[in-house]
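Under my numbering, the first residue of the sequence shown carries the number 4, and numbering increases by one thereafter.
Do not take every clue at face value.
Stated by the list, open to error - Using 30 Å as the maximum straight-line C-alpha spacing, the simulated DSS-like pairs for lysine-lysine come out as follows: (1) Lys73 <-> Lys96; (2) Lys106 <-> Lys89; (3) Lys66 <-> Lys117; (4) Lys66 <-> Lys96; (5) Lys117 <-> Lys73; (6) Lys117 <-> Lys106; (7) Lys117 <-> Lys96; (8) Lys89 <-> Lys66; (9) Lys89 <-> Lys73; (10) Lys89 <-> Lys117; (11) Lys106 <-> Lys96.
Source of the hints: derived by calculation from the structure; they are not laboratory data.
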Amino acid sequence: MPGFLFHSSCLSPVGVNDKQIHKLIYSLIARYVILHDEVGVAEFAITVLDDYQGQGIGYELIKILIGSAKANDVNMLIGHIAPGNKRMLNLCKRFDASIQTEKSSSVIALISVKNDYS
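From just these sequences and the hints, can you work out the full model?
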């Protein structure tokens, strides 16, 4: 299935030791998978362990996903988010996401990759 998987080694911060960097590398993941039934749409997900949340890492991960999506003719990233995950919902809003409430147990965030978030 076409898509993109980002491993966090390129986001290693300056001023931390090797053990901390190793932990950070395995604490983050960002990916999207291109949906075959919807042209130009990919489903995305990011994970940042609790110890690293609130530091702007999620924002940078989504920017990386958007850059890759643009390069692969993806126009829209779609994410399914738990309604109680306020941090993720607020993060998506920083990318002008359209937030839609479903009748199920998730909220849908639609992020257009046409905008420039650099």
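Tested hints:
1. Our distance criterion of 30 Å between C-alpha atoms is met by Lys73 and Lys96, whose separation comes to about 19 Å.
2. Annotation: proposed proximity of Lys106 to Lys89 holds, straight-line Cα distance about 18 Å (limit 30 Å).
3. A hinted pair counts as satisfied when its Cα atoms are at most 30 Å apart, and Lys66 with Lys117 qualifies at roughly 12 Å.
4. For the hint pairing Lys66 with Lys96, the CA-to-CA distance comes to about 13 Å; that is within 30 Å, so the pair holds.
5. Annotation: proposed proximity of Lys117 to Lys73 holds, straight-line Cα distance about 7 Å (limit 30 Å).
6. At roughly 28 Å between alpha-carbon atoms, Lys117 and Lys106 fall within 30 Å of each other, so this suggested pair holds.
7. A threshold of 30 Å between alpha carbons decides the hint, and for Lys117 with Lys96 the separation of about 15 Å falls inside it, so the pair holds.
8. A distance of roughly 19 Å separates the Cα atoms of Lys89 and Lys66; the hinted pair therefore holds under the 30 Å criterion.
9. For the proposed pair Lys89 and Lys73, the alpha carbon gap of about 27 Å is at most 30 Å, so the pair holds.
10. The straight-line distance between the Cα atoms of Lys89 and Lys117 is roughly 25 Å, inside the 30 Å bound, and the hint therefore holds.
11. For the given pair, Lys106 sits about 21 Å from Lys96 by alpha-carbon distance, which is consistent with the 30 Å threshold.
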